[in-house]
Amino acid sequence: MSGHNESILREPLITGNDITYAKITDDILGPVENKPNKAWWIGFIVASLGALLWVVAVSYTFWNGIGAWGLNKTVGWAWDITGFVWWVGIGHAGTLISAVLLLFRQNWRNSINRSAEAMTIFAVICAATYVVSHMGRPWLAYWVLPLPNQFGSLWVNFNSPLVWDMFAISTYFSVSLLFWYTGLLPDIATIRDRATGTRKKIYSIFSFGWSGSVKTWQRFEAVSLILAGISTPLVLSVHTIVSMDFATSVIPGWHTTIFPPYFVAGAIFSGFAMVLTLLLVARKVLGLENYITMFHIESMNKIIILTGSIVGVAYLTEFFIAWYSGSEYEQYAFINRSTGPYWWAYWMMMTCNVISPQLLWFKKIRLSIRATWILSIVVNIGMWFERFVIIVTSLHRDYIPSSWAMFSPTWVDVSVFVGSIGLFFTLFLLFLRVLPSIAIAEVKLLLKSASEQAKMKQIKEGHENKEYVAEYVESLEKFDSVKQEEYAKI
Amino acid sequence: MSDIKYILGSFGDPVEMMHGIDKLQENGVSIYDVYTPMPIHGIEVKLGIKRSRIDIAAFCFGITGTCAAFALIYFCAVIDWKVNIGGKPSFALPDFIPIMFELTVLFCAFGMVLTYYASTHLFPGRAPRVMDLRATDDRFVIAVDAKDNTAHTVIDGLLKDAGALEVKYNERKYISYE
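These protein sequence lines are chains A and B, in that order. For the first sequence, our numbering assigns the number 1 to the initial residue and increments by one for each residue that follows. For the second sequence, our numbering assigns the number 491 to the initial residue and increments by one for each residue that follows.
What the hints contain is simulated information worked out from the structure, not anything from laboratory work. Take these hints with a grain of salt, some might be off.
Stated by the list, open to error - Derived EDC-like pairs: lysine to aspartate or glutamate, alpha-carbon spacing no greater than 20 Å straight-line: (1) Lys23/A - Asp503/B; (2) Lys658/B - Asp635/B; (3) Lys215/A - Asp651/B; (4) Lys448/A - Glu33/A; (5) Lys448/A - Glu289/A; (6) Lys363/A - Glu298/A; (7) Lys536/B - Glu221/A; (8) Lys658/B - Asp503/B; (9) Lys448/A - Asp545/B; (10) Lys215/A - Asp545/B; (11) Lys457/A - Asp503/B; (12) Lys200/A - Asp627/B; (13) Lys513/B - Asp651/B; (14) Lys215/A - Asp627/B; (15) Lys540/B - Asp503/B; (16) Lys215/A - Asp512/B; (17) Lys448/A - Asp635/B; (18) Lys201/A - Glu506/B; (19) Lys513/B - Asp627/B; (20) Lys466/A - Glu485/A; (21) Lys478/A - Glu289/A; (22) Lys650/B - Glu506/B; (23) Lys540/B - Glu221/A; (24) Lys215/A - Glu534/B; (25) Lys364/A - Asp480/A; (26) Lys73/A - Asp398/A; (27) Lys457/A - Glu506/B; (28) Lys284/A - Asp26/A; (29) Lys23/A - Asp627/B; (30) Lys448/A - Asp638/B; (31) Lys536/B - Asp638/B; (32) Lys23/A - Glu298/A; (33) Lys483/A - Glu289/A.
Please put together the full structure from these sequences, using the hints given.
Right under this line is the structure:
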């Protein structure tokens, strides 16, 4: 709101020349206030069939026990923990975008944080269901809590990373939910004030009576900033603790100190890839090209190159340290990973996580929606294989060659995994229909400072350096939502 | 005119609204509140709203979480039931840190947000106290108490001069109750 303008050199965060506050509300609430289109229904039907498969597979597991999975005496952890870590990793982008990027004042987060946070919550739900179903006796799930009980006073083992993990994941889930919901209040109030009848009543309850008065907003901003401040170390701690589930054991291939940073980088890597997978489609189907622009896509791609490269360096370091340790078990675990019977999984991981994201160094690929979308899926395939490689290849050849075994999943393993993807998409598609997929209030903040039209006005006023203007106009070429003719006239 | 409770100046632009606040204050008109669709920096100073002390509350909740976690683990693992793990000491402080950290964040987040909800009267099902339905959409609304400020035509003029698109006279405080 201040008098000075943002530098002309920065790319606009909202494109289009007829954007007003009212239009932002209309555009973003379009999917919430209107009947769903065909694309949504097709997606929803497919996703809910997947979710149904998940219900069947998880119920089957509950009824028959985890013997329904393909686990054996040697490989006692496989697709379950792979799926769990995969989902928790995906769940990292949301809080990263909403918290870390808020602390760094990266305004481009404003139009992607809401759906990324929603994605986080749904991914953590998928992860949590793995935790519960792998217990074998899920009705005793409360045993992981330190509750007074009838077995003398035997408490949970506070030295165990699995107990830490329970605290970490449940804190992460509930704090993310709180952060997300508090941010949603003003936007739910916007829907409420435009609705009538029963809809109005429902949104009224969920808006908590939000009025938008000065004091509410002032407190709201203070609360958001502190939540961001405490969520930032929380995000880092969660995957650190997940990695400790492995790193504190003495299994060769797991017992490495590099795990925490390497897992965190991997989590951000896969989380951003999933955000791209979802948003590239959502922006097109919901017509949000003006708010989720090519600049946003390019920025996320840059984060993917960075974190993908960190992951790549971590893979190589791990290999080097295994050799350097001089421990033959450690050395064997890694040689076996890359050349043993699971070589294909290892090289799948290497290709998808280390090699293919390097293609994003090319501007053409980084700015191609199709290539980005395909790469984002490739990254998540790679990240699934990473967890599979770490878990299964470290276990399948243990200290006694007579007990060496391979792992083959049963239909239940596959269905729980495929079904969890269905569940995730079902929840996400429902979210798009009932809540605004972009933080309306936060995007409105950008209109007067960082939008294309504000910059256009700046240029027309004629006080800007000509070279800078030329550079700015050139940077607009990558936007698929900018009309170039407008600039030819100036 | 006597039934009028609030005069609302509805602006389409935050800069004009800020100008409106200045104009009213220069002329000695007290402002009841301002409703905006997004946070506008600088209004709180003009309206004399003090800095929020929620950060202090957040710190206190956080430190409570740290202590609660330490107390719980210490009681369970050191006092009540020592588990002998290879003869290692049961008071293993480094192992306590992850849970102490998580509970610090948990207590801080929930304590602070619930304090925020309580102090700004936000809770599920609360009747929304809205003076202008467009204040959550595209209007920036200055509300003036019509009983305290009786020079209605002057206020009307000041608001319009500052660029108000509309000046409303509400006979009820909150139209959302209708």
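Hint by hint, here is what the structure shows:
For the suggested pair Lys23/A and Asp503/B, the alpha carbons sit about 14 Å apart, so the restraint of at most 20 Å is met. For the suggested pair Lys658/B and Asp635/B, the alpha carbons sit about 12 Å apart, so the restraint of at most 20 Å is met. The straight-line distance between the Cα atoms of Lys215/A and Asp651/B is roughly 26 Å, outside the 20 Å bound, and the hint therefore fails. A hinted pair counts as satisfied when its Cα atoms are at most 20 Å apart, and Lys448/A with Glu33/A does not qualify at roughly 26 Å.
For a cut-off of 20 Å, the pair hint linking Lys448/A to Glu289/A stands: about 18 Å separates their Cα positions. For the hint linking Lys363/A to Glu298/A, the alpha-carbon distance of about 9 Å falls within 20 Å, and the restraint holds. For a cut-off of 20 Å, the pair hint linking Lys536/B to Glu221/A stands: about 17 Å separates their Cα positions. For the given pair, Lys658/B sits about 17 Å from Asp503/B by alpha-carbon distance, which is consistent with the 20 Å threshold.
Taking the CA atoms of Lys448/A and Asp545/B, the gap is about 29 Å. The hint is violated against a cut of 20 Å. Of the supplied pair hints, the one linking Lys215/A and Asp545/B holds, its CA atoms being roughly 15 Å apart against a limit of 20 Å. Taken as a hint, the Lys457/A and Asp503/B pair is honoured in the structure, with Cα atoms around 16 Å apart against an allowance of 20 Å. Taking the CA atoms of Lys200/A and Asp627/B, the gap is near 15 Å; set against the 20 Å cutoff, the hint holds.
Straight-line distance between C-alpha atoms of Lys513/B and Asp651/B comes to about 9 Å, which keeps the hinted pair within the 20 Å bound. Proximity of Lys215/A to Asp627/B is assessed by CA-CA distance (about 18 Å); at most 20 Å being required, the pair is judged to hold. For the suggested pair Lys540/B and Asp503/B, the alpha carbons sit about 25 Å apart, so the restraint of at most 20 Å is broken. Distance hint between Lys215/A and Asp512/B is fulfilled; the C-alpha atoms sit about 18 Å from each other, no more than 20 Å.
Using a Cα cut-off of 20 Å, the hinted pair Lys448/A and Asp635/B is violated, with the two alpha carbons roughly 30 Å apart. With a CA separation close to 33 Å, the supplied pair Lys201/A and Glu506/B exceeds the 20 Å bound. Of the pairs offered as hints, the one joining Lys513/B and Asp627/B is violated, with about 24 Å between alpha carbons and a cut-off of 20 Å exceeded. With a CA separation close to 18 Å, the supplied pair Lys466/A and Glu485/A stays within the 20 Å bound.
The hinted pair formed by Lys478/A and Glu289/A meets the criterion: a straight-line CA distance of about 13 Å does not exceed 20 Å. For the proposed pair Lys650/B and Glu506/B, the alpha carbon gap of about 10 Å is at most 20 Å, so the pair holds. At most 20 Å may separate the alpha-carbon atoms for a hinted pair to count; Lys540/B and Glu221/A meet this at roughly 14 Å. At most 20 Å may separate the alpha-carbon atoms for a hinted pair to count; Lys215/A and Glu534/B meet this at roughly 7 Å.
Taking the CA atoms of Lys364/A and Asp480/A, the gap is near 13 Å; set against the 20 Å cutoff, the hint holds. Under the criterion of a C-alpha separation no larger than 20 Å, the hint pairing Lys73/A with Asp398/A is consistent with the structure, at around 11 Å. Under the criterion of a C-alpha separation no larger than 20 Å, the hint pairing Lys457/A with Glu506/B is consistent with the structure, at around 18 Å. With a C-alpha separation of about 16 Å, the suggested pair Lys284/A and Asp26/A falls inside the 20 Å cut-off, and the hint holds.
This hinted pair checks out: Lys23/A and Asp627/B have alpha carbons roughly 9 Å apart, not beyond 20 Å. About 35 Å separates the Cα atoms of Lys448/A and Asp638/B, which puts this hinted pair outside 20 Å; it is violated. Straight-line distance between C-alpha atoms of Lys536/B and Asp638/B comes to about 19 Å, which keeps the hinted pair within the 20 Å bound. Between the alpha carbons of Lys23/A and Glu298/A the distance comes to roughly 25 Å, so the proposed pair goes past 20 Å and is violated.
Distance check on the hinted pair: Lys483/A and Glu289/A sit about 13 Å apart at the alpha-carbon level, within 20 Å; holds.
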